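**Q** Whenever a hint applies, use it, and build me the whole structure from the sequences.
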Amino acid sequence: MSPSDETVEGAPPPEAATPKDTGAITRGWVVPAIIGSALLMQTLNATVITNALPAMAKSFGVEPVRLSIAITVYMLSAAIFLPLSGWLADRFGAKRIFLASIVLYASGSLACAFAGNLETMIAARFIQGAAGATLMPVGRLVLLRTTPKSELVGAMSVVTMPALLGPVIGPVLGGAIVTFADWPWIFLINLPIAVAGFFLVRAFVPEVKEQAVPRIDTPGILLTGLGLAALIFGFENIGRDTLQPWVVGGLFAVGALSLAVYGWHAKRTPHAVIDLSIFRKKTFAAATIGGGFMRTAMGANPFLLAMLLQVAFGMSAFAAGTMTFVSAVGALAMKTTAPPILRRFGFRTVLLVNAVIVGAGFAVISLFRPEWPHWVIMVVLGVSGFFRSLQFSSLNGLAYAEIESEEMSRAATTSSMVQQLVQSIGIGLSASLLHLLMTLQGETRLTAEVVGPAFAIAGAFTMVSMLWFWRLPADAGDEMNGRKAT
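For the sequence shown, the working numbering begins at 1 and goes up steadily by one.
I should point out that these hints are in silico values taken from the structure, not numbers from a laboratory.
As the structure is a computational prediction, the values presented were derived from the model and not from experiment.
A hint or two may mislead.
Restraint ranges, calculated between C-beta atoms of paired labels, are given here [unchecked claim]:
no.: 1; residue 1: 445; residue 2: 243; range: 19 to 27 Å
no.: 2; residue 1: 249; residue 2: 62; range: 18 to 26 Å
no.: 3; residue 1: 260; residue 2: 457; range: 23 to 31 Å
no.: 4; residue 1: 337; residue 2: 219; range: 43 to 51 Å
no.: 5; residue 1: 370; residue 2: 406; range: 51 to 59 Å
no.: 6; residue 1: 372; residue 2: 222; range: 48 to 56 Å
no.: 7; residue 1: 473; residue 2: 188; range: 43 to 51 Å
no.: 8; residue 1: 244; residue 2: 344; range: 51 to 59 Å
no.: 9; residue 1: 123; residue 2: 203; range: 32 to 40 Å
no.: 10; residue 1: 188; residue 2: 353; range: 37 to 45 Å
Glycine included, C-beta positions come from ideal geometry on N, C-alpha and C.
**A** Spelled out as structure tokens, the structure:
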């Protein structure tokens, strides 16, 4: 970075924008689109690997359900390194860290492509997770600090549109690669995206860097990293034969104790890595804690669909991919409608009503059977994807409604950590739940009758979030979407 690069602390007011003002540039669609495009390889990889799990399991000689570890280890790594993302962005500049994350993610992808066994794959995915830990929150931080609150929902929609191309093309592309080529190519396709993203970010994305960088909270990082890693690994192994029950119980105990000690530590540390005081803000608590139940179910959805369509229904990876991509098409179609919907009805109403719709969508998916017409399944998945994406956009916007400029870094880190935790819990619990349902039904393989109830349970999880949404005031987050008081 050249010495002349501007340091930005939040966005200037619209009338202050000049041709050289970084805030004016970022309030357009160019920078959000570039950030979203850089995130494309992360979302693409997430959907592609889910569709390729059965083929990878066959290559490694393990059961398909065991390959959930390839997803959860990524999230475990991300949870460990996420606390560092905000401090790194403040210390070295968000743009510089964002570029480094792109390079590291591409390197991890290359290592995954050449993994010859499950153990090597786990190590390579850990590298990817470390890069992903900074890629998403730092990209979001750039947007938060350069966009006025009244324009944030629209800017976030622009960011997520390129990123949503991953879920749209991922299932089909991944299915085609696995069916007609070989699974290592699902990781190699990240490399050209990384190269393009690197040069676009370098050329157009402004640097945003705090003037005063707080001292790094080393004890806090160690405590949160240990706590989240222990919890995620515990959820991954619950109800399985991989670890002894007492070991799994010990993981939960270590995780809970570490986070409890961190809570004590955070109250006594001015610059704690995770600022627990922001949970006193109703909008942040509702979007993060309440939304966590929603994200748990959503995190389990791609994994459960891969098990249902490929293993239980016996579809090829390509056939399953052509069906599940409709869900992402529905999500992409929603992005242009989210701002007007939120302006018309407000965050509280949208979140409450949509939670019921999303839960109902999971309930319908639980009824899928091999004899159902494929077009019916695709319609259900498309409609479900639309409303799940609306819930994501609403939660992401609401979380920052009461967050001040100086709190953005820690708020973005905290929100990302919780999202990684609950999504990994969703995948780990769903894998363990499938194992339990197989045992209870006396099955030796996954069937529609085994996988179906898991979707119903996921749908019930989404309803729990309503307890937090109900407590929100009617005008919660109105500043974010430009909604006028009535």
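**Q** Hint by hint, note whether the structure agrees.
**A** Okay, the hints, checked on the actual structure:
{"no.": "1", "hint": "445 / 243: 19 to 27 Å", "in the structure": "holds (23 Å)"}
{"no.": "2", "hint": "249 / 62: 18 to 26 Å", "in the structure": "holds (25 Å)"}
{"no.": "3", "hint": "260 / 457: 23 to 31 Å", "in the structure": "holds (28 Å)"}
{"no.": "4", "hint": "337 / 219: 43 to 51 Å", "in the structure": "holds (45 Å)"}
{"no.": "5", "hint": "370 / 406: 51 to 59 Å", "in the structure": "holds (55 Å)"}
{"no.": "6", "hint": "372 / 222: 48 to 56 Å", "in the structure": "holds (50 Å)"}
{"no.": "7", "hint": "473 / 188: 43 to 51 Å", "in the structure": "holds (49 Å)"}
{"no.": "8", "hint": "244 / 344: 51 to 59 Å", "in the structure": "holds (54 Å)"}
{"no.": "9", "hint": "123 / 203: 32 to 40 Å", "in the structure": "holds (33 Å)"}
{"no.": "10", "hint": "188 / 353: 37 to 45 Å", "in the structure": "holds (43 Å)"}
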